[in-house]
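Make a model of the complete structure from these sequences and hints.
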Amino acid sequence: MSALAVQFLNGLASASALFLVACGLSIIFGVSRIVNFAHGSFYMLGAYLAWTFTRGLGWVGYGPLGFWGGILAAALIVGLIGVLIELVLLRRIYQAPELFQLLATFGVVLVVQDVTMAIWGAQDLLGPRAPGLRGAIDVMGQRFPQYDALLILIGPVVLGLLWLLFNRTRWGTLVRAATADREMVAALGVDQRKLFTSVFFLGTFLAALGGGLQLPREPVQLHMDMAIIADAFVVVVVGGMGSVGGAYLAALLIAQLQAFMLLVPDFEIAGLTISIAKMTLIPSFLVMAVVLIARPYGLLGKAPSHARTQASVEPVVRVTPPLLAKFGFATVAALILLPLIADEYGLMVATEILIFVLMAASLHFMMGPGGMASFGHAAYFGLGAYGAALAAKHFDAPMEAGLVAGPVLATLGGILFGWFCVRLSGVYLAMLTLAFAQIVWSIAFQWVAVTGGDNGVLGVWPSIGKTGFFYLSLALAVVGVLLLRRAIYSPFGYALRGARDSALRADAIGIDVKRVQWTAFAIAASFAGLAGALFAYFKGSVFPTYAAIPKSVDALMMVLLGGVQTISGPLVGAAVYMGLHEQLVRATELWRLVLGIAIIALVLAFPQGIAGFAAKRWAKEDGA
Amino acid sequence: MSVLSVRGLHKSFGGVEAVAGVDFDVAAGEMLALIGPNGAGKTTCFNMLMGQLRPDAGTVSLDGADITGLPPRAIWRRGVGRTFQITATFASMTVAENVQTALMSYRGDLGRFFARAATLHADDAVALLDQVGMADQRDRACGVLAYGDLKRVELAVALANAPRLLLMDEPTAGMAPKERVALMELTGRLARARNIAVLFTEHDMDVVFGQADRVIVLNRGKLIAQGTPAEVRAHKAVRDVYLGGGTMSGGH
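Those sequence lines, one after another, are chains A and B. For the record, in the first sequence the residue sitting at position 181 is 181 according to the working numbering, with numbers rising by one throughout. To convert, count from 1 in the second sequence and add 1000; that's the working numbering.
These are computed hints drawn from the structure, not numbers from a lab. Watch out, some of these pointers could steer you wrong.
With beta-carbon atoms standing in for the labels, derived distance ranges [to be verified]:
hint, chain 1, residue 1, chain 2, residue 2, range
1, A, Lys-326, B, Thr-1119, 20 to 26 Å
2, B, Asp-1056, A, Val-450, 28 to 34 Å
3, A, Thr-169, B, Met-1205, 49 to 55 Å
4, A, Ala-289, B, Gly-1014, 30 to 36 Å
Quick caveat: nothing in here was measured; it's all calculated off a predicted structure. Every residue, glycine too, gets a C-beta built ideally from N, C-alpha and C.
So, in structure tokens, the structure goes:
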């Protein structure tokens, strides 16, 4: 009984921490419609800066003023950094497609990661205990930290303050109005620029505050940003995007479930030990699943109002021009001859590129013709890799079987996750795909008994030599790309593009839009899984990072770099991006910084995407 | 027997009764116009017929079979074509591809992953486009068409499942006056030739009184008149509603 009470209090304390981060994300999204990937980075920066102020500098002292003042000062500084980023970066891309905004903020994530590492180093930093709150209180005979008790209060207090801010001030009224109808607020003559900047300040301030307040509870470390962003995304999706109250409700629900899951004892199924207590993202998944079935736009969220502006019109998919087809044949022919001239390293690079061409083509299938942007495509890549590796590890499966097991597992994942995802659209769908990818990652990371956790699965070697494996990859990539291409030109592809262009019309001519999209989702997942399985044998090992966010972003970069609108674009994008990535990692330790800046620069230079830019140029030349 | 029968149709939004007990029938080959002032409940009525909205009460039957509350695609399968107030076509696909997709859906081809769609039912698509005068634009993308042309593409798409009933919500909205009459004349010809029942809403009275075989008038969710165009034109309640007699609009 007392254990239950303590877990309940623990849940409340975690809910507060989660709420602080998630509500900032939600507020920013509500007004600016930007899904701020860098929100986790602000949380991390808040924690690092607060550490510096309260402990690192030493001269501030350890008194209550030093501690609380340090956390607050850190949050304020991070808020100003947020303002700077809004002014320099986001302000220029509010009109850009959502995915480019996501990418730009991911660029910020990469930059912040390397900068943080450069300033504070890679080791975990232990924060100070809160002065005056080092003890514990007695809860039915059990000890409960005083600081956590305070944290329980902070959540509702912040919620109350935000409520006052939004309901009792003119600024708050404007924010609520902009959340409900941005265009109308602009039409009424409100200065949106100031509103956006101030909202961004508030959101980043809250994130950093959440980070600082974690100091006494857990060490500050470099993976805080990605760890918290997935949780925050789930909270925002469950609570309803743009809803502060919903964020608190969702945080409460998820944190409580997580707390009580810790009490579930380990059990065994078919000789496998299953430890629910260690899989902290599973409850998030369960809550999200149940809520999204009942309320697709979250607990307190509303369906997005219809955009007044016409959605961007995708270009017609034409028959491949003969020249391009010839170029394709020539490329494949050249690749067949490659082992004659390339050395081992060259062959390895070419194999890797081929694998990612397949991955990019699968993502393009759902993003381009399917119109479903995925920010978590690595989930299916990872499932494919683990499917192959686990079959090899636990069942001694040969490579041929592994190359089947991988895609099968990925397809099952696609069927399961896709069912939820196709219920949403646009950026909501993208966030959900990301949340699912994080769940796959966390299972790989936390289910140590089966997956080996962080140590991965080793010794997944192909049964053929390097040249043979290159030809295998070439064959599977070519066949995969051709199959996907064939599907785009098939009746199913027409239905898919129709569902993307006008769900209303598709429904009126008998197309089951959700089912068509679900099928496309599963198809995309299976080909990504094939790429993942190949990658497992290529590397000889599988790690949780295969399903992590950066892999998803890699895939997205390839597709966007080459252009969503063309079928051949993503193939070129994959080759170019992988080539550059490879060189970058070899050339500098600060490759994240360089890559991040490159992504930001690309988005700023081509807010409509490189392909959109090129299409415009061509249109101009045609008109001239 | 009438193709479409509507009995006692009700729909409320909050406390507002948008459609308050409506009955009417449409016969095969007949052009029936549904008119009424703004907010009369025309679009609500339409959306219930096509399955976008579920009625609170009442029945909708097609050829005697109850289709109340079925989803749009199920209603379409039973032979109902639809055009929208704001045209809904596949903008990234060509005119021919739009019609082909509808034909493929009708003939159960859309689950095929390896067939070449480009040539599938292409001749039939062109034949349908020929009927609405769009065959020569078959290779243009719908996204770049003039609005009047899009309306005609929609008509061709709506005919692809050889419908028994055609529902057209404001078919001529946004078109030039001359185009409007031409489109509805075309619709009337096709309806009579193929024995299709047509129900349309319309604001342009030239179109209504020139092209409809029968007219029904909706005001504040209720039918206040029905009959031939001449009868409706002379109807006292209709004149009050449109000319501002005040008795029907609550006197405000």
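_Range first: 28 to 34 Å. Now tell me if the beta carbons of B/Asp-1056 and A/Val-450 are that far apart._
With a Cβ separation near 53 Å, B/Asp-1056 and A/Val-450 fall outside 28 to 34 Å, so the hint is violated.
*Note whether the CB distance of A/Thr-169 and B/Met-1205 lies within 49 to 55 Å or breaks it.*
At 52 Å between Cβs, range holds.
_Quick check: does the Cβ-Cβ distance between A/Lys-326 and B/Thr-1119 fall within 20 to 26 Å?_
Holds - the Cβ-Cβ distance for A/Lys-326 and B/Thr-1119, about 23 Å, lies within 20 to 26 Å.
*C-beta pair A/Ala-289, B/Gly-1014: status relative to the range 30 to 36 Å that was hinted*: For A/Ala-289 and B/Gly-1014 the Cβ distance comes to about 31 Å; the hint holds.
Comparing the model with each earlier hint shows a violation of hint 2 alone; every other hint is respected.
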